[in-house]
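Participant: Under the numbering used here, the first residue of the sequence shown carries the number 1, and numbering increases by one thereafter.
These are computed hints drawn from the structure, not numbers from a lab. All values reported here derive from a predicted model rather than from experimental measurement.
Cβ-Cβ distance ranges computed for the label pairs, FRET-style:
(1) 376 with 11: 18 to 24 Å
(2) 339 with 30: 38 to 44 Å
(3) 255 with 113: 26 to 32 Å
(4) 7 with 178: 26 to 32 Å
Below, a list of computed lysine to any residue pairs in the SDA-like style, where the Cα atoms sit at most 20 Å apart:
(5) 159 with 134
(6) 287 with 60
(7) 287 with 299
(8) 78 with 113
(9) 309 with 218
(10) 156 with 134
(11) 116 with 58
(12) 168 with 187
(13) 373 with 23
(14) 309 with 297
(15) 212 with 143
(16) 281 with 365
(17) 168 with 208
(18) 309 with 68
(19) 287 with 242
(20) 281 with 11
(21) 168 with 200
(22) 281 with 271
(23) 159 with 210
(24) 281 with 234
(25) 168 with 121
(26) 309 with 299
(27) 159 with 149
(28) 116 with 309
(29) 287 with 68
(30) 373 with 343
(31) 116 with 159
(32) 168 with 194
Glycine residues also receive a C-beta, built at the ideal position from the N, C-alpha and C atoms.
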Amino acid sequence: MSTPAESLQSVLTPSDQLAVTSDGDLTIEGAVAADLIARFGSPLFVFSEATLRANYRRARDAFAAVWPGPVNVMFAIKCNPNMAVRAVLHDEGAGGDCFGIPEIEATFAGGADPDKIALNGGNKTAEELERAIELGITINMDAAEEIDDVVAAARKVGKSVRVNIRLKVVPPEFEHFVSDAYLIDGDFRPTLQRWKWGVTQETAIAMVERLKGEPDLDWTGWHTHYGRMSARAEDYRAFQGECARMIGAVATATGVAPRVIDMGGGWARERDPESRSADAKGPPIEKQAQAVVGALRHHLEGAGLDTSKIALWAEPGRYIAGNAAVMLTSIGTIKSDAGYVWFNVEASENNLPAICKEGSANHVTVASGMHRKADAQADIVGPICIPSVLA
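Turn these sequences into a full structure, and let the hints guide you.
Facilitator: Laid out in structure tokens, this is it:
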């Protein structure tokens, strides 16, 4: 059996700032975990600024290396609405993806360039649209019916607004689809058609034609979102390839070329707690970028579009912030009964909602005595009135 230090080492990724001292204490950017709890109490979330910066730069560089036009890596603030996190990423030049007024305000409180920010959502209120227009951010429209709402908001505010259209992408390759994150095994296409997001190619053509006659709306391009459906690069390639085919077809039908393609989020991490596979490691972001950009360029350039004149946007959230924080908690009562042992801690699934919401499996370790081998098994449990098993 390996020691906790050896187990931790086996799951570390290049941007992690975790280490173990010779005395067996966990450190985060050189700070000893036990000292942090003594100073601030627990449970305690500890963020690594170095990890945030490294993850952003790596994603930006991965896409910039293979895309000939401008690249905008946009932090999806729903992943982590901490304004200090947003401030670090704004300092790096990150754009942002927002849903609703709270996320808009959190993004700008941390710092934001309006030219790099987008408002998403399928049920935007007049207040949300007006605030987005006041700030000068792009609105990703999810329906033809939304055009009238955006026009009304633009006229009320007295400013024009940049808009993209979200596409409903249904790759033919997804007739046979297996997800490592959700219970999906089979033909995924009917589900994608039924899902509420995006518009079909025919509707997209009609929307572009309508927008030609709307002086207050500056149509800049397209939006889509694959989400964390699988970690296979070939699935990303299939999805963005079908997206690019649709974009090329709309450009041919309307005579208008996009200036922006927003690929959305869902980029897998190298330590990937969303995965249900035995090997919970996603492909490197460079491999994901090569897969999607290769498919995009093949179809777009095949349709006669100049990709050097199109800005490529991506909306990673957990890829940037997912491994940047460690939750520290203290052991209280140790209970032994019925052949089991339970270590009670003050943290719970409330602090890590993806455990119960998505079945995520985070790496759990002791933070002291990490060079000692374990000699027994125990459940790590929180105080709330459900099992709340953290490990």
